[in-house]
Every structure is written in C-alpha cells, then in structure tokens.
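Participant: If you want the building blocks of each chain, they are given just below.
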Amino acid sequence: MKTIETKNNIPVDLADVPIHTYAIFFEIVSALMKNKTVHCTTYFAFENKTNLQFICCLADDATSSLHLLSHQMPIDALEPIEALTKKINAFHIFEREIAENFGVEFKNHPWLKPVRYAKNRANSEKQINNYPFFKIDGFDTHEVGVGPIHAGIIEPGHFRFSCHGEIVHHLEIQLGFQHRGIEKLYLTKPHLLQRTILTENIAGDTAIGHTLAFVNMMEALYGIEKDIRWVKMDMLRSLALEVERIAIHVGDMSNLCLDVAYQLGNAVFGALRTPVINFFQFWCGNRFAKGLLRVGYNPHPFTPQLMERLVKILEEFDIKYMEMQHKTFTLPSVLNRFEKCGILNMEQMDMIGAVGMSARMTGISRDVRASHPFNYYEHLAYEPVLLETGDVYARAMMRNLEIQKSMAYIRTMLSQIYRLNVEEPQKYRADIYDKKMIPNQICVSLTEGWRGEICHTGITNEKGDLMHYKVKDPSMHNWTALALALRQNEISDFPINNKSFDLSYCGHDL
Amino acid sequence: MFDEIKILQHQGKQFIPDVTKVNLPVSFAVGRPEIAEDITAENAKLAKAICPTQAIENEPFSIDLGKCTYCMECVRICGKDKINFTNDYKTATNVRERLIVKAGEKHPITIDQSLVRPEIKKLFKNSLKLRQVSAGGDNSQEWELGATNNVNFDCSRFGIDFVASPRHADGIVITGPITENMAEPLQICYDAIPEPKLIILVGTDAISGGIFEGSPALNRSFLDKNTIDLYVPGSLIHPLTFVNGVLEMIGQI
Chain A
0 MKTIETKNNI PVDLADVPIH TYAIFFEIVS ALMKNKTVHC TTYFAFENKT
50 NLQFICCLAD DATSSLHLLS HQMPIDALEP IEALTKKINA FHIFEREIAE
100 NFGVEFKNHP WLKPVRYAKN RANSEKQINN YPFFKIDGFD THEVGVGPIH
150 AGIIEPGHFR FSCHGEIVHH LEIQLGFQHR GIEKLYLTKP HLLQRTILTE
200 NIAGDTAIGH TLAFVNMMEA LYGIEKDIRW VKMDMLRSLA LEVERIAIHV
250 GDMSNLCLDV AYQLGNAVFG ALRTPVINFF QFWCGNRFAK GLLRVGYNPH
300 PFTPQLMERL VKILEEFDIK YMEMQHKTFT LPSVLNRFEK CGILNMEQMD
350 MIGAVGMSAR MTGISRDVRA SHPFNYYEHL AYEPVLLETG DVYARAMMRN
400 LEIQKSMAYI RTMLSQIYRL NVEEPQKYRA DIYDKKMIPN QICVSLTEGW
450 RGEICHTGIT NEKGDLMHYK VKDPSMHNWT ALALALRQNE ISDFPINNKS
500 FDLSYCGHDL
Chain L
0 MFDEIKILQH QGKQFIPDVT KVNLPVSFAV GRPEIAEDIT AENAKLAKAI
50 CPTQAIENEP FSIDLGKCTY CMECVRICGK DKINFTNDYK TATNVRERLI
100 VKAGEKHPIT IDQSLVRPEI KKLFKNSLKL RQVSAGGDNS QEWELGATNN
150 VNFDCSRFGI DFVASPRHAD GIVITGPITE NMAEPLQICY DAIPEPKLII
200 LVGTDAISGG IFEGSPALNR SFLDKNTIDL YVPGSLIHPL TFVNGVLEMI
250 GQI
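Quick note, the sequences are listed as chains A and L, same order.
Going by numbering that gives the first Met the number 0, the first sequence opens with residue 0, and the numbers climb by one from there.
Going by numbering that gives the first Met the number 0, the second sequence opens with residue 0, and the numbers climb by one from there.
Hint data in this document are derived by calculation from the structure and do not stem from the laboratory.
We put the beta carbon where it would ideally sit given N, CA and C, even for glycine.
Treat the hints with care, as some may be off.
[Said to hold, decoys possible] So the derived label-pair ranges between C-beta atoms look like this:
# : chain 1 : residue 1 : chain 2 : residue 2 : range
1 : L       : 23        : A       : 133       : 49 to 55 Å
2 : L       : 94        : A       : 186       : 31 to 37 Å
3 : A       : 487       : L       : 167       : 30 to 36 Å
Kindly produce the complete structure, drawing on both the sequences and the hints.
Facilitator: Now the structure itself:
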C-alpha cells in the first residue's frame, strides 16, 4: 500500500498511515504530484516516541480523496534527506518549516530560510532581528526596508525591496513577528474550551474559517454521532462561513479603493461592511463571530427573527453593493490602477502551490468547497469563481464575484431551511469536556476560508488526548505570490498589491 | 456624476451624532457584567473551573475583564440571572483593578481622573495622534480600531487619529499579547515617540495575554517597565468602548 486514502474530516488509525523509506516516499509523492488535480495540503514532522515522523497529505481534487503517507527517522540520529522542493517547488515552505523546527537538513533545497523564528526552533542562535537579507549592488540600485511595524493599523512583517530605480527586482518578505506559539499551546492548554478559543484567535479575521476546521475535526475525533439534525447544523455553519466571506471581502474592497485614492468606494464599501458584521453581533454577540461555533452543539440558535434580519440585510446590501461595484469597475481611474498591475500566471501559482483566491485568479480551480465538500457544501454543488488575468484587477474582481456568489448561496440555504424540518442540537454539552477522543487517530480537516484552503491536522495518542496539532493557513503558500507579483513593478504599487492579496501575518506565524 | 449622487443618497447619513449616548442592542451582550450576589458556591466553583483564562476568582466571586475572552461559558453554567453581561460598552479604565467586577457590583466602570496626568488633558484634549502597534494581535482588534474612524464612529472629528510615524504620535496603542519577536520593535517604536506620551492597551490579549498567557513565545516585559494610561477590555473591543475611553481620558467628555 502506497498511501492510505481518506476524506475530509474522516479520521484513520495513525498506524495505518504507511511509513516508507525516504526514497520510496519521495517517489510516491513525485508520482502523485504529476497529476494536475493533486496538491499538497500539509507536510509536517512531529515527535512520535523515539522517532521524528513526517506526515504528508496530498489532496486529489478530482476524487475528493486525501492521500496520507509518511516516513520517519530516529530523533537522536537525524539524517540529511534530499529536498522534494528541488523537484516540486510547492514543497518549499513545508521543508523550510520542518528544517527550522527540527534541524533536519534538506539537501539541495534552494533556500532553507527560517519561516517564522518559532520559539521551538532547532537553532535559537538564529534571531529574527539579524537575518541577512538578500542584497542588491550596482549602479542606480538601492534597497528599501519596510516594517515590521507598518503605517496603517495592520499586523507586523518586514518587506525588503531590492530596486533598480523605481522598479522592484526582488521582494523578500520576513515574517515571524506574530509568532505566539499556538501549535504548542494546543498541547499545554488541555481543555477543549481553551483549544476552541485558541483556534478562534489563530486569525481573528477568519474566526469562522479556522474554527470550523477545528470543530469539524474535533467532532470526528470525539466520535460524535451525527443524525439528521446535523444537516441543519451544517447548513448554519456554511451560512456563517459565507457571511464571514462577504464581510471581509467587502472590507477589502473598501481598502483597495483607499489604496487607489477612490474615496467614494472606500467610504461606501466600508459602510456596507457594518451591517454584515453587526449581523454576527446579533447572532452571537461578537462582530467577528468569535464564540459562534462550539464542538457538539450550537450555542446560538438561528431564530426566525435572525433569519428575517439576515434577509433584510441582504436585500439592502444587494442594492447598495451592486451599484457601488458597478461604478467602481467601470471607473477609468480605478481600472487604470487595477489592470495589469502585479500580474501572475497559472504556471507560477501552480509552482508555489497557491490556494484560494490567489490560485483561482489565474484559472486554477482549487476550492475546497467544491473539491472536498464539508458541512453543507455537498448539498450546494459549489462552483468556484475562476478568472485568468492574475493582476490586481483579477483579485478585486474575484472578491466582487465571490460576494455575489456568497449572497446567492446564502439565499439558497435560507430557502432550504424550511425544508429541514428539524432543530440542530442546541443543548449545552458540558459532558463533552470529560470525554476522551478516539485514541491513535489522525484526522485532516479542510475548509475554504475567505483567503483559501485552511488545513488542520490532529493526531491523538493512546490516552485519547492530542499528541500533535498542526495548523496551516492559506497564507503559508500565498505570501510567495505577493513576492512574485512585485517583480518588475513600481515600488509605489506595493500597497495596492499587498492589499489585493490581504494575507494573514498571524495565520502564517501562528 | 448622477450615479455618484444616487449612491450617496442611498447611503444617507450614517454617522453617530453622539458617540457617548448610543444604546447598543441587548444582543451586544459583551459589555460590563453584573453578577448576582446570591450566586451559589457550587455554581461559582464550576464557573471558576471552566474559565479558559482563569478570569474568575471566588470569595468573593469576580470576573476579570482584563482576562475574560467573553466565551460566555460561565453564563451557560450559572444562568443569565446570575451572570449577566450587559450592553454597557463603557468599560475602558486607567485602573487595572477596576476591570475586576465582583458579585453584587452594579456601578459603571470609570476612569480615575485623579490618576490622569495633567499634561495629557492639557496637550491632547483637542488633538491626539496615536501610533498602533500590533504585537501578536490576530487582526480582529486591528479591524475594529480601523473602524473607529469609519463613517459611523468617525473619531477624527474629535481630533483622534492614527498616524503613520511614531515621530508624529502622542501615544501608542498596543494590540496582541506581545510576542518575543515583537518586543524589540515595540520598544524602538515607543522610544521614538516624543514626550509626553501615553500607552493604551486594547483587548484581552494585550491586557493579560488572554488565551496566550503562559506561552514561552511571548515577552511582556515592556508592560512591567511602563505605566499604562488606558485599558480597553474586550475579546474584540467595540469601537465605542475605545472612543469613549479615550474621550474621557483626554477630557472631552
């Protein structure tokens, strides 16, 4: 058996994940990745007793299956291994992370730069404040350093531009300033409630996206039986994810307008975000929906009043949003800044393993909602929005079309809610806190947050508690896209490019 | 041009005329809590045990809003008649202890005006420029701080602005639990702000570390070295909590 095949949120015995020699592992991964519909959702190492076990999950978007396989080496005798990156570039970030955390040497890896200067890194001599950036030298060349603290109210990260005149030849991005040690905290904070709240804080702007991955997985690992009532639960959770997408996308539209000095768009899109996030406040008391999702039950029932309110909000939002997006995307001064700025193509995005909007804006059909459906998406037969031009325009238009699509899907769900003549589980489940998880399992949970594919992996030990927890935010892949987009662009176009990706610093740094 | 006028007309006036007198809906149940005096010892024990961030203490029963993540689990255990998070959003204060709400207390959380340095009111009353530093913040508090200057809350009208350089700033607004990797940049930024200057902590993570408390990847020594001028509690603050707290501190209200 080359790999063990499973599906999104279906746990398997850890012992059933085949452990290959590295040479064979290398071969199987290379062969599977030749298939255009396969991409790597996560590749990480963890300490399993005396071994360092490397787990790789390859997702086949055509068959909705997840292939798990692994290799291992003794912790006290780490040996250098050939880098997969050399052959399949998309592995670069995973191998960098493993090298940083465990000191494993990947031979012929082009760039084993530390990913985030994690607290648990193997070599603590390496410090974030004395990292040697790439240098540029020659006539008319210069470097520009920006950050870690930025001009606006955003998270920290350092950008180093190597320029020739106004033109950026290379952008090097240094992250890690936001590192809070989240993955370790999953193990040191033992209570399920603590872990849930930790998840809500991985990236506060994607509270639903990440927490959904967490609760889906935990419900599988706790072995919660899902009867007919859970169809309604799944619908409400998918609904929440789409509301979150609209809220953040429209906020980003506002910021994109700000960066091209289009004041009306900035103000109107910004104002349109308010009723959407206020809906979350009505639903669960928190404008970013922290606290909405809990393992095993729904603490915030979706009352008829809430439903009425959502319908009304959407109705008003629709009119105001459509006229504003129409104006924005027909205004020459906006289009002049959006079009042909920061162009990326399909080949590049495939190479770096881009996910979410960054992949779809170049025509790569990669959307977990369609390929590995979770919660209610199975019933929706989701069709991803695909664009081709790969520029700022495509990234803005992607948001615009996804907002409209999310509205349509929310309406579909609301129209089907009557047909589900059941009530989702609403009873407070304190009993779950005393329960154990199914021992010796591994479970991969994928969701499509507004940025793209979120992948959580949980491994339980023989006592039925977490042995390892791995989080992957879509930004892990997509930061490289921003660096590539800037090449041969004017440095003054950096803000609009950065905003058009709007990647997560804290989701990356963990 | 007619399109634009139409859009503006559809938007109407959205600003909040008086930010000090907004009545938030009852569903905004993450304001100041009120705890019944007769909360049973059994309930108190269960609530303390479940609290994910040790924000609850017994004898007397109290909730520390500087640590609370507003997960509402204690409310589920004890019932709304025993612990009730009200819609009172004016919870910012300059005294850390005032964030600890004890059973039976129903008074508002206020700023101790005698502790506000005279130069703050004198110099910053009509113009306060702030520098925001996210030190491990998860980008939700940052969005809400951004919202303080949107068309609804519009804090620029009070002279409160976020600026791009510490050299232009009168103070620093910190979000996040302060990571080790941000400790030095934070200090450098603070040093670059001219005197007199103030420090505002926004959100549970900044005030106590929140759910990240105890993580070895944090370095909160900056807070030990400096006096904090304002605590704005909330695991996601409401923009109104921030705006009201600052206005009260600089003496506009």
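Participant: Next, verify each hint and record whether it holds.
Facilitator: Each hint tested on the structure:
1. At about 50 Å, the CB distance of residue 23/L to residue 133/A agrees with the hint of 49 to 55 Å.
2. A beta carbon spacing of about 36 Å between residue 94/L and residue 186/A agrees with the range 31 to 37 Å that was offered as a hint.
3. For the hinted restraint 30 to 36 Å between residue 487/A and residue 167/L, the CB-CB distance of approximately 33 Å keeps it satisfied.
No hint from the list above goes unmet by this structure.
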